[in-house]
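Student: Letter by letter, the chains look like this.
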Amino acid sequence: MTVIEEKIKTEEATSWEPKILAFLCNWCSYAGADLAGISRLQYPPNIRVIRVPCSGRVNPFYLIKALQAGWDGVLVSGCHPGDCHYISGNLVARRRFAILKDIIEFMGIPPGRLNFSWVSAAEGEKFSKVVKEVVNKIKKLGPIKKLTKK
Amino acid sequence: MKEKILLKAQLPKLIEELRKIYRVLAPVKDNGFYVYKAISSADEVDLDFANTKIPPKEIFFPRSEVLFTYKRTDNGIELIEPENSVEKQVILGIRGCDAQSFLLLDKFFAYGKFDDPYFAQRRKNTLLIGLACNDPRSTCFCTSVGGSPFSEAGMDIILTDLGDKYLVKSLNVKGNELLERIPWIEDANERDIFDAMQLTKKALAAIKEELPIEKLNNTFAEVFDEDAFWLQFSQKCIGCGSCSFLCPTCHCFDVVDEESSTGGKRIRLWDTCQFPLFTLHGSGHNPRPTGRQRLRQRVMHKFNYYPKILSEIGCVGCGRCILACSVNQDIRVVFKAVQES
Amino acid sequence: MVQITDMKKKGNPYLPKLTTIEGIIRENDVNDLKTFKLVFKNPDDFKKFEYISGQFAELSFFGAGESPIGIASSPTEEGYLLFTVKRVGVVTTSLHESKEGTTVGIRGPFGNGWPIEDLIGHNLVIIGGGFAFSTLRSLTVYILANRHLFKNVTVIYGAREPAELCYKQDLAEWEKRDDLNLTLTIDRAVDGWTKKVGFIPAVTKEVAPSANNAYAIVCGPPVMIRFTIPVLTELGFSNDNILLSLENRMKCGIGKCGHCMIGEKYVCTDGPVFTQTQLQSMPKEY
Amino acid sequence: MENLETSMRDIVKNLLNEQKVDLVIGYQKGTMPLRTTPCFVTKAEDSNKLVWNFCCDLNLIKYLLKDENKGKKVGLIVKGCDARALAVCISESQIEREKVIIIGMPCLGMLDRKKIEAEVAPKEILEARVTQDQIITKGKDFEHTLLKKDYIQPSCQACHYNNPPICNILVGNQPLELESAVDWDAKLAEFEAKPPEERWAYFTELLSGCIKCYACRNACPLCYCKECFVDQTQPQWVGKTTDIADVMFYHIVRALHVAGRCVGCGACTRACPMNIDLRLLSKKLEKIVKERYNFEAGLKTDEPPPMGTHTANDPQEFITEPE
Chain A
1 MTVIEEKIKT EEATSWEPKI LAFLCNWCSY AGADLAGISR LQYPPNIRVI RVPCSGRVNP
61 FYLIKALQAG WDGVLVSGCH PGDCHYISGN LVARRRFAIL KDIIEFMGIP PGRLNFSWVS
121 AAEGEKFSKV VKEVVNKIKK LGPIKKLTKK
Chain B
1001 MKEKILLKAQ LPKLIEELRK IYRVLAPVKD NGFYVYKAIS SADEVDLDFA NTKIPPKEIF
1061 FPRSEVLFTY KRTDNGIELI EPENSVEKQV ILGIRGCDAQ SFLLLDKFFA YGKFDDPYFA
1121 QRRKNTLLIG LACNDPRSTC FCTSVGGSPF SEAGMDIILT DLGDKYLVKS LNVKGNELLE
1181 RIPWIEDANE RDIFDAMQLT KKALAAIKEE LPIEKLNNTF AEVFDEDAFW LQFSQKCIGC
1241 GSCSFLCPTC HCFDVVDEES STGGKRIRLW DTCQFPLFTL HGSGHNPRPT GRQRLRQRVM
1301 HKFNYYPKIL SEIGCVGCGR CILACSVNQD IRVVFKAVQE S
Chain C
2001 MVQITDMKKK GNPYLPKLTT IEGIIRENDV NDLKTFKLVF KNPDDFKKFE YISGQFAELS
2061 FFGAGESPIG IASSPTEEGY LLFTVKRVGV VTTSLHESKE GTTVGIRGPF GNGWPIEDLI
2121 GHNLVIIGGG FAFSTLRSLT VYILANRHLF KNVTVIYGAR EPAELCYKQD LAEWEKRDDL
2181 NLTLTIDRAV DGWTKKVGFI PAVTKEVAPS ANNAYAIVCG PPVMIRFTIP VLTELGFSND
2241 NILLSLENRM KCGIGKCGHC MIGEKYVCTD GPVFTQTQLQ SMPKEY
Chain D
3001 MENLETSMRD IVKNLLNEQK VDLVIGYQKG TMPLRTTPCF VTKAEDSNKL VWNFCCDLNL
3061 IKYLLKDENK GKKVGLIVKG CDARALAVCI SESQIEREKV IIIGMPCLGM LDRKKIEAEV
3121 APKEILEARV TQDQIITKGK DFEHTLLKKD YIQPSCQACH YNNPPICNIL VGNQPLELES
3181 AVDWDAKLAE FEAKPPEERW AYFTELLSGC IKCYACRNAC PLCYCKECFV DQTQPQWVGK
3241 TTDIADVMFY HIVRALHVAG RCVGCGACTR ACPMNIDLRL LSKKLEKIVK ERYNFEAGLK
3301 TDEPPPMGTH TANDPQEFIT EPE
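Residue numbers (the numbering used here), protein chains in the order written: chain A, 1 to 150; chain B, 1001 to 1341; chain C, 2001 to 2286; chain D, 3001 to 3323.
Derived by calculation from the structure, the hints in this document are not laboratory data. This one's a predicted model, so the numbers in the text were calculated from it and none came from an experiment. A few of these clues could be false.
In silico EDC-like pairs for lysine to aspartate or glutamate, Cα to Cα no more than 20 Å straight-line [claimed, not checked]:
(1) A:Lys137 x D:Asp3277
(2) A:Lys132 x D:Glu3198
(3) A:Lys129 x D:Glu3323
(4) B:Lys1113 x C:Glu2164
(5) D:Lys3140 x B:Asp1161
(6) A:Lys146 x B:Glu1258
(7) D:Lys3140 x B:Glu1016
(8) D:Lys3194 x A:Glu105
(9) A:Lys137 x D:Glu3005
(10) A:Lys101 x D:Glu3119
(11) A:Lys146 x B:Asp1074
(12) C:Lys2099 x B:Asp1161
(13) A:Lys149 x D:Glu3321
(14) D:Lys3123 x B:Asp1135
(15) A:Lys145 x D:Asp3243
(16) A:Lys145 x D:Glu3198
(17) B:Lys1037 x D:Asp3243
(18) A:Lys140 x D:Asp3243
(19) A:Lys149 x B:Glu1258
(20) B:Lys1004 x B:Glu1016
Chain D is nowhere near these chain B residues, computed Cβ spacing over 10 Å in every case [unchecked claim]:
(21) Ser1064
(22) Ile1185
(23) Asn1217
(24) Thr1219
(25) Gln1235
(26) Lys1236
(27) Glu1258
(28) Asp1330
Note that CB positions come from ideal geometry on N, CA and C, so glycine has one too.
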């Protein structure tokens, strides 16, 4: 191990911060996140946002691929049931995520890596709370090891 | 060199002796079937087996193998060849058919303008201690493809199971050298040699399938364009590719890149002509779009193309494809149909 | 003249040599066809890269994989290699998206190439359609650099529309020469196009090159080839004197991976150039 | 069973004689003991080739999806699980209901050939006979008698569909409901109660043998996609290596794709050249859709699969709702 690699390793051990990939629906949660920003609500800077047209656009591949690529967790946030811009995209997504979550937890990935929430454009505060909760949960789980490639 | 005798009780001792110099691979029972594995103790070895499920080609031609890695640097790309310095290894308990498959693969990977260095390197430092087949399986047809249960081709030493002991026969200088290093191994007597010969006869008689494969070479070419002929077999094939993946002589592969943040690697993986994707062009055109053509390719490759380019049948008669097929496609039935056509 | 040595190539044939993209030429308006000028990072590698027209190389875009591409430059062009690449799959798309200065790996040259020695002293009819013209460009440039070795040279090159014709600069130069009979054609008439209009088979019939002491060298999409061969036969070309270059899915380029097999032939090592006689004895798996 | 076989042959003979079908797909004797192989009958006189026994484990639905049989009117011999797979294919518009004449066979479970073979390995079974409750295997120098009930395929042991839920002709009389020898619910509950590390270790171990040959996909009657996600290159979703991360990825997504559709026929497990038993996962899938959406795959031909539909009140206990 080189000096630099060793340094990185010790740094990782002491000051590890989770990296979380968030898929936010353009019509609600993305605006919700924006509102949180405008309202100067604090939330941990661990998330990186990808804007999607609808939570129904999120292919389960994305989520597993993210975990495999070393993201410590993912968050998908869409419109509340009944409020989907495309009528039922979030309802389709809800079934998909439920099953995906059940499968990977059954196989031994502890709960908390995959997170889903409903946040409207008006819920800036809720968004910041969701992020806080998700980050805390994943911090407790530690860095992702399963599913990532050596 | 004179034949030797190894008591079965002495086998662990021999294996430990071998382990001092070599990496030892031997049949190990795992998950209900046998497979060649690098062993760390003699207890793991189980020579009371018919044959392994996975062919030993895997030892020289792994199912996924790094061809090279690359690093992204400020000056572009830096390529790093893998260290394939294979330590000296011995495969214990190889069957005649599988030893024959190594000879075929040697020939193939060195055929044409280019050698395959990865295969050759792994193969180079390997000593083969064979185990003659006293009890060929009902699916074995090695005698039809030029082999025999007591075939010594490709081996350095051959063992014959005589009940409570093995007759040990060195087949070349490499074998002699090894046996000379084991002073405690005793010479065999006439009786042991006679017994081994009797077993040979018995084993040969046990293989009932006499398929005239050698003679069929041209007939295969004659039925080539007869769609109905191939359809009678391909219609039951589900294209799963198990026959190729478990074939000791199938050697086709795919090459893919795998990217990471700082570089990546180029990997080769087992592939099979039974998948439509195998021949699919970028344009969407597929030269072998039907299962009928794909099944024909596998059969023709082994029994017509291989003999044409390498003067050998590309099959060793181990019967693994017959055993592995979940829909009971039986290559012997294909031969019989070719013969009758 | 360059010849491929029959001796076994030593070293690791899976390890690419590194080159840099030094020039990118956009060949058509749709922008799915680009010619890349590659220069070896180590000039020695270029010296060792002895090739003839009609051969191909495996281009590596690291992270995406490899793709077999015909060499569009001629061995008479010093210092660089040209490859015309159509954007189809993952490797070619990555290439298309890259800029000058990108590192590209290259393995080769592979395949038999056009049988230059057989062609010497003959009349040549070079027929190409679409972007498959690349190795024919190589051959034409090679011929023009060694013009005295060959008799009459006729080039018939067609594309869907004027913008789809590659190597416009070369074509302009060739048109000026009187030692080369160049016919350009497009499928359907467009404003401003004063040259031939029509499909390759029809135009070939019209140009009617003599089959006397001649080779026809044909490259193009399957449908063009299918209809051009009868025309050539009608003109008197024997199947031995019709040369074609095949394409098949390929991985290794060195006759090991099994993908490009047609009968007992490997397109990568026995081809890609075959005579029509050879093709007739092979299964139609291409 | 012999009665069933005779009736089945008669039915097939009539169908072909009356030209109600172009082709009948069933089972015939295999080339080895304990095996059958698909039989494609187009002439009435060949219907005697058809067999019905405890080794008819193949799921023949796969053949209806093959190009060469598209458009044909096909008579198909099915068991309960096959009929369910067929129902899924029909509900997903892959097979036209009118094009199939479903010849349903009452089934008491098929034999687990791999288990029987493993029992006598390394010896080879050369002859096998199945009686009411015994399997008598014979080979060179040995004869083994096994209790049949111990060697029924695990998926059959928990099957509640001994009669095909959809069919045109039911052969013979209804059999008694098979007593479940394996309590999958208990098995699943036991597994779920284990800590995640243990479950992960189980799957890592189970799948470490996977050689990514995709035989499980190719054998599955419900994997009919023209282009499978594993073959896609732009983008390439799944790494192609046998690194456990890539193997897991493949099996997770495969499970996801058959969730709510899988009927537990066991074709994937039978096809696996590495003897990987995927049935714990498929049973879990059944349980998930049953518990969440009260759905059981393959019982109706006009019902969308649960992943193709939704309701306003689907359970959503997993949605993060901060205090």
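Student: The structure should be examined with respect to each hint, and the outcome stated for every one.
Tutor: Evaluation of the provided hints:
1. The hinted pair formed by lysine 137 of chain A and aspartate 3277 of chain D fails the criterion: a straight-line CA distance of about 34 Å is larger than 20 Å.
2. At roughly 29 Å between alpha-carbon atoms, lysine 132 of chain A and glutamate 3198 of chain D are farther apart than 20 Å, so this suggested pair is violated.
3. A distance of roughly 8 Å separates the Cα atoms of lysine 129 of chain A and glutamate 3323 of chain D; the hinted pair therefore holds under the 20 Å criterion.
4. Between lysine 1113 of chain B and glutamate 2164 of chain C, the direct Cα distance comes to roughly 37 Å. Violation of the 20 Å bound is thereby established for this hinted pair.
5. Pair hint lysine 3140 of chain D plus aspartate 1161 of chain B holds up; C-alpha atoms about 17 Å apart against a cutoff of 20 Å.
6. For the suggested pair lysine 146 of chain A and glutamate 1258 of chain B, the alpha carbons sit about 19 Å apart, so the restraint of at most 20 Å is met.
7. Pair hint lysine 3140 of chain D plus glutamate 1016 of chain B does not hold up; C-alpha atoms about 33 Å apart against a cutoff of 20 Å.
8. Using a Cα cut-off of 20 Å, the hinted pair lysine 3194 of chain D and glutamate 105 of chain A holds, with the two alpha carbons roughly 11 Å apart.
9. For a cut-off of 20 Å, the pair hint linking lysine 137 of chain A to glutamate 3005 of chain D is broken: about 60 Å separates their Cα positions.
10. For a cut-off of 20 Å, the pair hint linking lysine 101 of chain A to glutamate 3119 of chain D is broken: about 38 Å separates their Cα positions.
11. Only pairs whose Cα atoms come within 20 Å are accepted, and lysine 146 of chain A paired with aspartate 1074 of chain B is rejected, the gap being roughly 32 Å.
12. Of the pairs offered as hints, the one joining lysine 2099 of chain C and aspartate 1161 of chain B is violated, with about 66 Å between alpha carbons and a cut-off of 20 Å exceeded.
13. Distance restraint check for lysine 149 of chain A and glutamate 3321 of chain D: the Cα-Cα separation of roughly 32 Å exceeds the 20 Å cut-off, and the hinted pair is therefore not satisfied.
14. Annotation: proposed proximity of lysine 3123 of chain D to aspartate 1135 of chain B holds, straight-line Cα distance about 9 Å (limit 20 Å).
15. Restraint check: the Cα-Cα separation between lysine 145 of chain A and aspartate 3243 of chain D comes to about 14 Å, which is no more than 20 Å; the hinted pair holds.
16. Between the alpha carbons of lysine 145 of chain A and glutamate 3198 of chain D the distance comes to roughly 15 Å, so the proposed pair stays at or under 20 Å and holds.
17. Between lysine 1037 of chain B and aspartate 3243 of chain D the alpha-carbon distance is near 18 Å, which keeps this suggested pair within the 20 Å criterion.
18. At most 20 Å may separate the alpha-carbon atoms for a hinted pair to count; lysine 140 of chain A and aspartate 3243 of chain D exceed this at roughly 27 Å.
19. The hinted pair formed by lysine 149 of chain A and glutamate 1258 of chain B meets the criterion: a straight-line CA distance of about 11 Å does not exceed 20 Å.
20. Between lysine 1004 of chain B and glutamate 1016 of chain B the alpha-carbon distance is near 18 Å, which keeps this suggested pair within the 20 Å criterion.
21. A Cβ of chain D approaches the Cβ of serine 1064 of chain B within 10 Å, the least distance being about 5 Å, so the stated non-interface status is violated.
22. With a closest Cβ-Cβ approach of about 26 Å to chain D, isoleucine 1185 of chain B is found to remain outside the 10 Å limit, as its non-interface label requires.
23. Its beta-carbon lying about 23 Å from the closest one in chain D, asparagine 1217 of chain B satisfies the requirement of being farther than 10 Å from that chain.
24. At roughly 21 Å from the closest C-beta of chain D, the C-beta of threonine 1219 of chain B stays outside 10 Å, upholding its exclusion from the interface.
25. With a least beta-carbon separation of about 6 Å from chain D, glutamine 1235 of chain B fails to lie farther than 10 Å from that chain, contradicting its non-interface assignment.
26. With a closest Cβ-Cβ approach of about 4 Å to chain D, lysine 1236 of chain B is found to fall inside the 10 Å limit, against its non-interface label.
27. Listed as outside the interface, glutamate 1258 of chain B is inconsistent with that label: its C-beta sits roughly 6 Å from the nearest C-beta of chain D, within the 10 Å cut-off.
28. Distance check for aspartate 1330 of chain B against chain D: the nearest CB is about 4 Å away, which does not clear 10 Å, and the non-interface claim fails.
The structure does not agree with the numbered hints 1, 2, 4, 7, 9, 10, 11, 12, 13, 18, 21, 25, 26, 27, 28 stated previously, though it agrees with the rest.
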